[in-house]
Structure formats: structure tokens, C-alpha cells
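Student: Given only the sequences and the hints, what does the whole structure look like? Please build it.
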Amino acid sequence: MPRSLFVSSLVDPTLDRVGFPLEHPYVEQVWLSIVGPTSVLALRHLGRQLEAQPAGVTVDLVELSRTLGLKAKETDDIGRNSQLGHTIERLVQFKFAAQLSEDRLGVHRKVPAVTSHRVERLPESVRSLHHELLAEHLDGLARQAATPVQTTSPTTAARLAAVGQITPQRLHERSIGR
Numbered sequence: 007m008p009r010s011l012f013v014s015s016l017v018d019p020t021l022d023r024v025g026f027p028l029e030h031p032y033v034e035q036v037w038l039s040i041v042g043p044t045s046v047l048a049l050r051h052l053g054r055q056l057e058a059q060p061a062g063v064t065v066d067l068v069e070l071s072r073t074l075g076l077k078a079k080e081t082d083d084i085g086r087n088s089q090l091g092h093t094i095e096r097l098v099q100f101k102f103a104a105q106l107s108e109d110r111l112g113v114h115r116k117v118p119a120v121t122s123h124r125v126e127r128l129p130e131s132v133r134s135l136h137h138e139l140l141a142e143h144l145d146g147l148a149r150q151a152a153t154p155v156q157t158t159s160p161t162t163a164a165r166l167a168a169v170g171q172i173t174p175q176r177l178h179e180r181s182i183g184r
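Per my numbering, the sequence shown starts with residue 7, numbered consecutively.
It is worth saying that the hints were derived from the structure and are not from the lab. Because the structure is a prediction, the values reported are computed rather than measured. Virtual Cβ for every residue (Gly too), placed ideally from N, Cα, C. Treat each hint with caution, since some may be false.
Computed spacing ranges between beta-carbons, pair by pair [stated by the list, open to error]:
1) 17 with 99: 29 to 35 angstroms
2) 29 with 145: 14 to 20 angstroms
3) 42 with 65: 17 to 23 angstroms
4) 61 with 126: 37 to 43 angstroms
EDC-like cross-link-like pairs, simulated, lysine to aspartate or glutamate; straight-line CA separation at most 16 angstroms [what the hints assert, rightly or not]:
5) 101 with 18
6) 116 with 66
7) 116 with 57
8) 77 with 66
9) 116 with 29
10) 116 with 22
11) 116 with 34
12) 77 with 142
Tutor: Put into C-alpha cells, the structure is as follows:
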């Protein structure tokens, strides 16, 4: 494993639209019992770095290890058998990340709901949280889908009307939300 990784966002239109944001309680309260605390911390840490630098960020692996509370010295080789190496493999295994090359890692900024066969193996308390948090999330998505989205601002629509690219009738319809 190299000394650093370039981390960038992975794009999945469906997951980006309906997945759970990395800071959502679902990630900690449900996924944690499947992937473990270090994987959740690493995923959230990398997600925050991508929020700050959307084009991608170079991550020093020794620093990342120490940030996550894993054993690492400046002289350590962060290899596949290191604690951080196992953490990254786990993120890839669960498709939260993808190893794009030896020194590049893609990371999703949202996670899916846990699959039904994995839910069956969760402790009862976590299963209940899964159902509760998933229902809330789906309700929120349904409310969001029911709210009309104005794709063109009134100002932009007025400019388009002025140059003949939108009819005055269509401009009026947009202003009243049709």
C-alpha cells in the first residue's frame, strides 16, 4: 500500500438520490454492527474531507491511522495487513468505497439501507432501529418527491422569456408552480 491515497467521490445516481448521508444516525446505529466502528469512523472521516474538498483529497495513511486511533508510527508501513489496510478492505467489501488504483480510493458519500438478509442477523434492538430509521428516511424521501421542484428560477425564466426561449404563458405557469 502506498504512503498516501488520493480519495475522490464515487458517483451512483440512485444511491446519491436515496441513500443515507454518512452523518445520518442509521450509519452508526445500524451499519456499525455490521462493518465495525473503525470502518464507520473512517468512512465518515473521509466523507467530511470530501465535503471540504469535493474534487478529491490526498490522505496520508499514517495520519489517517492515528486520527482513527489505530496504531501507526511515522516509520510504519501501512500495508494491506495493517489495521488501516483491513479497514479500507472492509469499506471496499461492503461497496462503500472502491480501490480505483493502488494509490486511488473512491468513496461513496451515502450508504444504502442494509439488505434484508443482513437485517435478519442483526440483534433485535438494532433490527428495530433499522425499521424505524428506514421508515423515517423513506417518509422523508416521499415528502421530498411530493414537493414540486422549481428547476428554473423566476429570474432565469423571465430572461428566457425576454429572449423568446420561453413563452409568456409558460413563464406564468412556472410562477404558479405548474
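Student: With reference to the structure, classify each hint as holding or not holding.
Tutor: Here's how the hints hold up against the structure:
1. Against the hinted window of 29 to 35 angstroms, the Cβ-Cβ separation of residue 17 and residue 99 comes to about 20 angstroms, which falls outside the hint.
2. Distance hint for residue 29 and residue 145: a CB-CB separation of about 19 angstroms, consistent with the stated range 14 to 20 angstroms.
3. Between residue 42 and residue 65 the C-beta distance comes to about 20 angstroms, which sits within the given range of 17 to 23 angstroms.
4. Look at residue 61 against residue 126: about 40 angstroms separates their beta carbons, and that is inside 37 to 43 angstroms.
5. The suggested pairing of residue 101 with residue 18 holds, with an alpha-carbon distance near 11 angstroms, which does not exceed 16 angstroms.
6. Pair hint residue 116 plus residue 66 does not hold up; C-alpha atoms about 23 angstroms apart against a cutoff of 16 angstroms.
7. For the given pair, residue 116 sits about 12 angstroms from residue 57 by alpha-carbon distance, which is consistent with the 16 angstroms threshold.
8. Of the pairs offered as hints, the one joining residue 77 and residue 66 holds, with about 14 angstroms between alpha carbons and a cut-off of 16 angstroms not exceeded.
9. For the proposed pair residue 116 and residue 29, the alpha carbon gap of about 9 angstroms is at most 16 angstroms, so the pair holds.
10. As the CA atoms of residue 116 and residue 22 are separated by approximately 6 angstroms, the hinted pair is consistent with the 16 angstroms bound.
11. With a CA separation close to 13 angstroms, the supplied pair residue 116 and residue 34 stays within the 16 angstroms bound.
12. For a cut-off of 16 angstroms, the pair hint linking residue 77 to residue 142 is broken: about 38 angstroms separates their Cα positions.
Comparing the model with each numbered hint stated earlier shows that hints 1, 6, 12 do not hold.
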